[in-house]
Amino acid sequence: MTNITVNGKQHQIDADPNMPLLWVIRDIIGLTGTKYGCGVAQCGACVVHLNGEAVRSCVTKLSRVQAQQVVTIEGLSANNDHPVQLAWNEEQVPQCGYCHSGQIMSAAVLLRENPNPNDADIDAGMAGNICRCGTYQRIRKAIHSAAEMQRKGGASK
Amino acid sequence: MKKQGTNKSNYGSTLRAMAVIGLLLTVIGIMAFGVNNSDTPKVGAESPLPVVKKDSIASVKAFKQVYTVLTSARCMNCHPSGNIPLQGDDSHLHTMSPQRGIDGKGIYAMKCANCHQAINTPGLHTPPGNPNWHLPPANMKMVFQGRTPHQLAKQLIDPKQNGNKDFKKLIAHADDGLVLSGWNPGEGRTLPPMSYAAFKKAWITWLSTGAYAPKGK
Amino acid sequence: MSVSNISRRNFLRAAGLTGTALFVGLYFPANAEEAKVAGADAVEATDIELNAWVHIDTDGKVTIFSHRAEMGQGAYQSVPQIVAEELEVNLEDINIRFAQGDRQKYGNQVTGGSSTIRGSYKNLLKLGASAREMLIAAAAAKWTVPASECYAEAGHVIHRPSAKKFHYGELVEAASKLSAPKDVVLKKRPEYKLIGKPLKRQDTPLKTNGSAVFGLDFKLPGMLYAVVERNPRLRGKLKSFDATAALKVPGVKKVFKIQTGVFQTFRDGVAVVADSTWSAMQGRKALIIEWDDSGFEHISTDEIYHRQSELLKTEEGLSVRKQGDPDTLLNSAAQKLDVIYETPYQSHSAMEPLNCIAYYQPDKLEIWGPIQAPEWVQDFICTQFKLPREKVVINMTFLGGGFGRKAFMDYPHEACLISKETGTPVQVVWTREDDMTQGPYRAGISYRCQGAIKDGQFIAFKLKAAGQNIYHWMGAPKTQPNRSISEGFLAPYYKSIKDLSIADIPFETPIPNVWWRSVYASTNGFAYESFMNEMAHLAGKDPLDFRREYLKEEREQKLMDKMEELSGWKNRKKGEGFGLAITECFSTTVGQVVKVSRKSDGKISIDKVWAVMDCGWYVNPDIIHAQVEGSILMALGAATKHEITFKDGLVEQRNFYNYIMPRINDMPEVAVHVMDNDENAGGVGEPGLPPFAPALTEAIFDLTGKRIRKLPFKLDEV
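So the protein lines, in turn, are chains A, B and C. Residue numbers for the first sequence follow this note's numbering, beginning at 1 and rising by one. Residue numbers for the second sequence follow this note's numbering, beginning at 1 and rising by one. Residue numbers for the third sequence follow this note's numbering, beginning at 1 and rising by one.
Check each hint, because a few of them may be wrong.
What the hints assert, rightly or not - Here are the simulated DSSO-like pairs of lysine-lysine, each with C-alpha atoms no more than 27 Å apart in a straight line: (1) K562/C x K141/A; (2) K105/B x K61/A; (3) K285/C x K141/A; (4) K248/C x K61/A; (5) K608/C x K141/B; (6) K61/A x K253/C; (7) K141/B x K603/C; (8) K177/C x K165/C; (9) K122/C x K182/C; (10) K141/A x K182/C; (11) K219/C x K9/A; (12) K165/C x K141/A; (13) K141/A x K599/C; (14) K215/B x K169/B; (15) K599/C x K641/C; (16) K254/C x K61/A; (17) K200/C x K152/A; (18) K541/C x K558/C; (19) K285/C x K61/A; (20) K61/A x K562/C; (21) K141/A x K322/C; (22) K141/A x K603/C; (23) K105/B x K217/B; (24) K498/C x K322/C; (25) K215/B x K54/B; (26) K498/C x K603/C.
As the list claims (entries may be wrong) - Restraint-style ranges between C-beta atoms, simulated for each label pair: (27) T704/C x Q145/B: 35 to 41 Å; (28) Q69/A x R598/C: 45 to 51 Å; (29) R189/C x Q68/A: 54 to 60 Å; (30) G52/A x K558/C: 50 to 56 Å; (31) G52/A x T704/C: 45 to 51 Å.
To be clear, the hints were calculated from the coordinates, so they are not data collected in a lab. Glycine included, C-beta positions come from ideal geometry on N, C-alpha and C.
So that you can see chain A by itself, here it is in the shape it has in the complex:
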């Protein structure tokens, strides 16, 4: 049994400790916002927060998460109102949308650690997340917009 806390809720997981957190979250806990994209930490579609860090759940074994805090896209905010989520809507970032759970989880860490990023900072923080639809220009814009919201203490627009 592995004890993990996902989005504030405790779970007792009876599974192979080598099972990647991604499949625990999706197939056992049933939260499907976290996506499978490559399985080898290349694309970032599976990013969740583990104790606040943007880890790739596809290569993070269940055993690493014992007694740790996990936050998935479903738990980032109660009402889809984290500044990054609001900015993603404001700038109409997603196309197919598949990669954006991971993009948003990565952007949230970027903004926490650098509340006023420039384009180079954004590229440095977001180059781990692949988007095949090519929404990168809007991701940059939205992160600037989220930073502004954060500075103003909430939604700006």
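Start from chain A and add chains B and C according to the hints.
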């Protein structure tokens, strides 16, 4: 590949043999770090601190071996000339361009440990693992990529460039877990050009014979 | 009770829509070019089947069944945006549902060819207007006033003289008893309140909190998970397998052989079914398999391009188009050019790997998944399992990208085969490696272009292409040329370059091919437009001025004016390279200007891309901008980052570590302009892709004098 323990005991006996010969010298000039006598002469749990006896020929010869290891993909990839690590046997830029950061552990959503687990992830082209995966920090980049043997030897022993490592700490660095993981690189990756034992022997020989730098630029 | 009545009720019940309501749909009378609008009475009275349903309940809630897949291109937004315009409802009062796959009900549902809007917008406008007129007529009857005194606005019918109003919900019962009007007057563009506005997509909030359900996210009670080990040499056969170890992996339930349809052939595989995706993957690793590789041993990329180049030297090919006598002119011309362009095989690599859920029950086979072509899946599955159409139900989820690959039937077929064997609902999941190594791929094509210049004029053009033909896989006769080889080329050139020929040299390999975003234009465009640039230089002319001589029509001239104006084409500074290209596909013309420079480290940087699109009548400019931005990035990847190569019959790329995707740090600044006119709507999802590569290589030529004729190339190595 041999286990670490085996390597250590081989290496230990070699060192003990070497230690018999020498006098401890405080080296100035080329060897720009001091060794404090009063420290316990131990590296790790069992290795006695080797005694330094200057021998420029043996030293340069040993360093040439050290150099082939440090500039192999397994070591050089995390000692890049820029702020982005390298990847693969061909030492290409890491595909997702993670940045070094101040502590060498990455930045923002791109911290090393976000992908690099405590142990290697199974499979080809998956992230190799180590509990302390990192690049040298921003204030001590310890670049291997593009360095000549002369430059690299000088740089390794320069406390301003090596993170203030003295003789003892340099010797100890051979037992660093991340250095060792070069010999456990994960599936499909080429090993450094010699065994860990041979590398460690060369490393200590180089240091304990005066840490001479090969001639050249 | 008529058949259609039953199916309508079943349909509505299945969709959770019961009780009194107005529903209006379209149907296509036999041999009619235009769809007719019909209401309940027509459905009850006849056997017609409706498509594109609009359903309004007594609360005034509007539900629209989108007949097309949402794979990022914005159908989920633009289809209701069109209907709401004429229906006179607020967009936020509309609920959109994915229609099930059913050709009988919804007509052509294949989301491909950038056709969602251009193929159906006139019908959707008519549908919205008809429902509105029925609601107005119902209100007028209740008030006993002439309908002409009433109008509709924001979900209400209002009696102009008295300002009395009814909510739509109050009218649906009466309206549902009316016949659909025979003719409706549609609004003129200046009257639009929604169309033409950059309204926010309704699916965005679902995609920022993880609630959008993609195929991979759909779950059924008791569902098992399956992965399939397939012959790494594409479509190969299975000799034998040993499942002993696989069956010992905890969670693994069943291991068996399947044969999945790949066009008209079959691919052998061994399916591993387990209680989680991970367990199935672990079981698969434990399989011991012997493959029969016959037919695929020696395929290599070098061999493919060598054969293509030999064919281009020696063969004339099958004529696609011939006008005048280009050969004679080419023979006698003093100024001429004869060059070959090479384009690579590419994988679609949508971020959501292929997956599909099937539940094979005695009376029904139901499928859920990210499917671009539900009607094709329905056809194929009916044939394979010998089931009547009404027993095969296809449900569409959101697609995590498609790009053409998800308009293919193999992965739904796998899910059905596996569910039939297990008797449970099953989700088959392709790993990224499966997705990348199994194809089908965009075909890599080589083009030989010959052209002659006389007195500064482009007098003769001859193009031959050697590359695989998608349509051969679908059974097209091999004696006929691939007519798609002219896709991307601008039609006005046929008028202005009098002596011209285009030919297709049949070329076969065992590698299966399928359409990839913008299809043949994605590779043709590189050849046609690179050559146009090269001919401009041969004639000693500026590439934009040169094109103006051959693209005389007003729409093209306006497009070029806009390209010149936005990019500052004539005002480039020292150290800047500018390049352009213009292509047409899916009834939309796109011109792009790319600006490059050398960075301080000597490497080429793509500084900016200006894209001007003329797609005629359009719905949502922000979605169009997004599609063009995305097309450019996808083109950038295919031109400078990745390709699929073959060695010893195996695909060399396996995952994003060796099929290198462009990332955010590769994204240039993109500025998009959409031309305003009322011409027929063209596609927007794909036409932004083909001009990028030839515009980029021209910009590099402008900066460095180096001509690139082979894709992909590495920007860092120019």
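task: Against the structure, test the hints numbered earlier, and report the numbers of the ones violated in rising order.
output: Checked against the structure, the hints that fail are numbers 3, 5, 10, 12, 20, 21, 23, 26 and 27, while the rest are satisfied.
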